[in-house]
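J.: Quick one: dock chain against chain with the hints and give me the complex.
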Amino acid sequence: MMAFLFGRKKSANSAKERLQLVLIHDRTDMTSAELNSLKDDLIETISRHIEIDPTAVTINVAQDGRSQRLVADIPLRTLGHRRGRESGRAVG
Amino acid sequence: MTAKVVTVASGKGGVGKTTSVANIAVALASRGQKVTCIDGDIGLRNLDVILGLENRIVYDLVDVIEGRCRLRQAMIRDKRLPELYLIPAAQTRDKTAVSPSDMVRLCDELRQEVDWIIIDSPAGIERGFKNAIAAADRVLVMTNPEVSAVRDADRVIGLLDAEEKGPAALVINRLDPAMVKRGDMLSVEDVLDLLAVELIGIIPEDENVIVASNRGQPLALDGKSKAGQAFQNIARRLMGEQVPFMDLESQNLFQRLLGRK
Ligand SMILES: Nc1ncnc2c1ncn2[C@@H]1O[C@H](COP(=O)(O)OP(=O)(O)O)[C@@H](O)[C@H]1O
Ligand SMILES: [Mg+2]
Chain A
-6 MMAFLFGRKK SANSAKERLQ LVLIHDRTDM TSAELNSLKD DLIETISRHI EIDPTAVTIN
54 VAQDGRSQRL VADIPLRTLG HRRGRESGRA VG
Chain B
261 MTAKVVTVAS GKGGVGKTTS VANIAVALAS RGQKVTCIDG DIGLRNLDVI LGLENRIVYD
321 LVDVIEGRCR LRQAMIRDKR LPELYLIPAA QTRDKTAVSP SDMVRLCDEL RQEVDWIIID
381 SPAGIERGFK NAIAAADRVL VMTNPEVSAV RDADRVIGLL DAEEKGPAAL VINRLDPAMV
441 KRGDMLSVED VLDLLAVELI GIIPEDENVI VASNRGQPLA LDGKSKAGQA FQNIARRLMG
501 EQVPFMDLES QNLFQRLLGR K
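These protein sequence lines are chains A and B, in that order. Residue numbering for the first sequence follows this note's numbering, starting at -6 and increasing by one per position. Residue numbering for the second sequence follows this note's numbering, starting at 261 and increasing by one per position.
Looking at chain B on its own, in the form it has when it is part of the complex (with noise of 0.2 angstroms):
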């Protein structure tokens, strides 16, 4: 087994990366997949209150990489999917304890255990990035249809570049369709006209996000929501699958949108 690893970054904060990396995981878990995700914001541990785990917590991040515990101690095994872990972010410390070195390291150790390793990075472009990207085989950028988001986006995108981290495939989060149509949201090819980068999901503004946050149950498992859906499409198409997204919008951009590919 040799795992592929995928961080999911965004320069700027709250526009979806945590939900995203708990809801992507989920997805790969929940088609069989063997999936280890991994907390890479530390000192704001979020993940693991995502996913609902927040209570299983013994060791974390940096008691491996300092030696306190074994790889496999850390790994917190989630109670629906046994095929999902977690290992989660320290709390009481900074950035500072992990080093990009650090990262390649353990993922390599993890690499033989699993089939997806999957880092959540810290909201940035400075160490937290870095360390969250090191060992990263393919960086999926989250961005939201708004300004100071695709700005950062566009941001993080060059500097994936710059590292030989790239090319980025592009989440656009919490797309309004019925703002679009008004003429009061970038639309999916507004954002991909700007960036000119690849496209791997696409997921509506979505209540049940908040729901499924407040219980600690991803909303991946719930077949029925849209934003879940859109993960699970996210999930098939990292595992190779050619998924048409869905038509969130108009008829129009759901067929240029397949032209593109």
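Extracted from the complex, chain A is given alone in its bound form (with noise of 0.2 angstroms):
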């Protein structure tokens, strides 16, 4: 949108961003596609086990040098039981 208004982006920064998804799905031999029933997987699994919101679950793939970390950030529903702990974060 801000390149429609602005001219073009500049062709190096769509390289880099192209390059940089590129590289996540050949280093970890996943296409966009499996990475989403993936994400889509591990959502129904946590909900089998506690109340979470599924529109709020953040799930990417970090890169870390030249390896890559799956990080979900799965905000918890506050119940009355569950003192002050309002998210969880897991790393994996």
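Do not take every clue at face value.
The list that follows gives simulated cross-link-like pairs (lysine to aspartate or glutamate, EDC-like), each with its CA atoms no further than 20 angstroms apart [what the hints assert, rightly or not]:
id, chain 1, residue 1, chain 2, residue 2
1, A, Lys9, B, Glu449
2, A, Lys3, B, Asp450
3, B, Lys441, B, Asp453
4, B, Lys294, B, Asp368
5, B, Lys425, B, Asp397
6, B, Lys339, B, Glu314
7, B, Lys294, B, Asp397
8, B, Lys484, B, Asp436
9, B, Lys264, B, Glu458
10, A, Lys2, B, Glu449
11, A, Lys3, B, Glu406
12, A, Lys3, B, Asp444
13, A, Lys9, B, Glu406
14, B, Lys264, B, Glu373
15, B, Lys264, B, Asp436
16, B, Lys272, A, Asp19
17, A, Lys2, B, Asp444
18, A, Lys2, B, Glu406
19, A, Lys9, B, Asp450
20, A, Lys9, B, Glu369
21, B, Lys264, B, Asp375
22, A, Lys9, B, Asp436
23, B, Lys486, B, Asp436
24, B, Lys264, B, Asp362
25, A, Lys9, B, Asp444
26, A, Lys2, B, Glu465
27, B, Lys441, B, Glu465
28, A, Lys3, B, Glu449
29, B, Lys441, A, Glu10
30, A, Lys32, A, Glu44
31, A, Lys9, B, Asp453
32, A, Lys3, B, Asp375
33, A, Lys3, B, Asp453
Bear in mind the hints are in silico, worked out from the structure with no lab data behind them.
T.: See the structure below:
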């Protein structure tokens, strides 16, 4: 949208952004579709144990040097007996 | 004498491996080092013409491996630098004529004779690549600041880690500072962010590379060209010297790169 208003984005930026995604998929041997289905499965599994809001969940592949990690941030609903702990963070 | 074996690999073809092997070998030899380079691109011999030694070939790599000549007989001595030798690739054979263990055996024999063995590899990640890295102590991965070359370099870097030949050292070739400046080419920093490996050289786009290849006179011999200097700097870094990266882009990048080390 910004690119539309202020002229085309620099091509080097497109190259970098596209490569970032391509390299994640090459290194993990996982396509975007597979990653999305993994996210769905993960949300479904967690939902079986604890009540979560699927729209608040973020699951991303983060870069750590040459290795990647799957970082899931899953806010947990606040319940009376769960004193003060409002969200949990799972890293795997 | 125990040589260090350095292989130049890339995945993608045409990024400048052969040019770099020739120039790094020449640069090392011009610094008093005893160097043998090996053309590992069997069937697509090229290092000989880049070095200007094509008329002197009698025996090749496959002749040595198959026992038709002794190692010494296949080593062509350079006419300019008496401490530089080339073992040419066979032109009429294919990569299956050589195995990784053949390369290890050959390099082990050669290690006693020289300071450096620099191996050129073919494009791809199959047999020819495996042959070229089998004996390597260190692998330089070449790329260009361009999507397909960076992607293929990433693949090769990953394979090298898996084969316990890592960590690779990266050479970025054909950098055009003007294009980087106007945002139409990945910068050195972009490529390093993406590949997350150590950098050992930045070589600018330089038309002298083609002039040099026309003549068979590697440009590392010519002190004036930027690309020639960049190859000399790689040779010095291989020899263990701390050499700052040439200021091809902005002062900022130059300083950031120094800060990285
Ligand atoms: N820094 C450079 N500037 C200009 N041309 C270059 C540069 N590096 C390589 N080239 C050209 O690119 C082509 C491919 O180089 P080459 O060394 O044969 O690549 P590879 O061995 O990886 O296939 C050659 O024509 C060479 O002259
Ligand atoms: Mg080549």
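J.: Does each hint fit the structure? Answer for all of them.
T.: Results for each hint:
no.	hint	result
1	Lys9(A) - Glu449(B)	11 angstroms, holds
2	Lys3(A) - Asp450(B)	13 angstroms, holds
3	Lys441(B) - Asp453(B)	18 angstroms, holds
4	Lys294(B) - Asp368(B)	16 angstroms, holds
5	Lys425(B) - Asp397(B)	7 angstroms, holds
6	Lys339(B) - Glu314(B)	12 angstroms, holds
7	Lys294(B) - Asp397(B)	17 angstroms, holds
8	Lys484(B) - Asp436(B)	18 angstroms, holds
9	Lys264(B) - Glu458(B)	19 angstroms, holds
10	Lys2(A) - Glu449(B)	18 angstroms, holds
11	Lys3(A) - Glu406(B)	14 angstroms, holds
12	Lys3(A) - Asp444(B)	6 angstroms, holds
13	Lys9(A) - Glu406(B)	9 angstroms, holds
14	Lys264(B) - Glu373(B)	11 angstroms, holds
15	Lys264(B) - Asp436(B)	31 angstroms, violated
16	Lys272(B) - Asp19(A)	15 angstroms, holds
17	Lys2(A) - Asp444(B)	10 angstroms, holds
18	Lys2(A) - Glu406(B)	17 angstroms, holds
19	Lys9(A) - Asp450(B)	7 angstroms, holds
20	Lys9(A) - Glu369(B)	44 angstroms, violated
21	Lys264(B) - Asp375(B)	6 angstroms, holds
22	Lys9(A) - Asp436(B)	16 angstroms, holds
23	Lys486(B) - Asp436(B)	12 angstroms, holds
24	Lys264(B) - Asp362(B)	17 angstroms, holds
25	Lys9(A) - Asp444(B)	11 angstroms, holds
26	Lys2(A) - Glu465(B)	24 angstroms, violated
27	Lys441(B) - Glu465(B)	14 angstroms, holds
28	Lys3(A) - Glu449(B)	16 angstroms, holds
29	Lys441(B) - Glu10(A)	18 angstroms, holds
30	Lys32(A) - Glu44(A)	16 angstroms, holds
31	Lys9(A) - Asp453(B)	9 angstroms, holds
32	Lys3(A) - Asp375(B)	45 angstroms, violated
33	Lys3(A) - Asp453(B)	18 angstroms, holds
Taken one by one, the earlier hints fail for this structure at numbers 15, 20, 26, 32, listed in ascending order.
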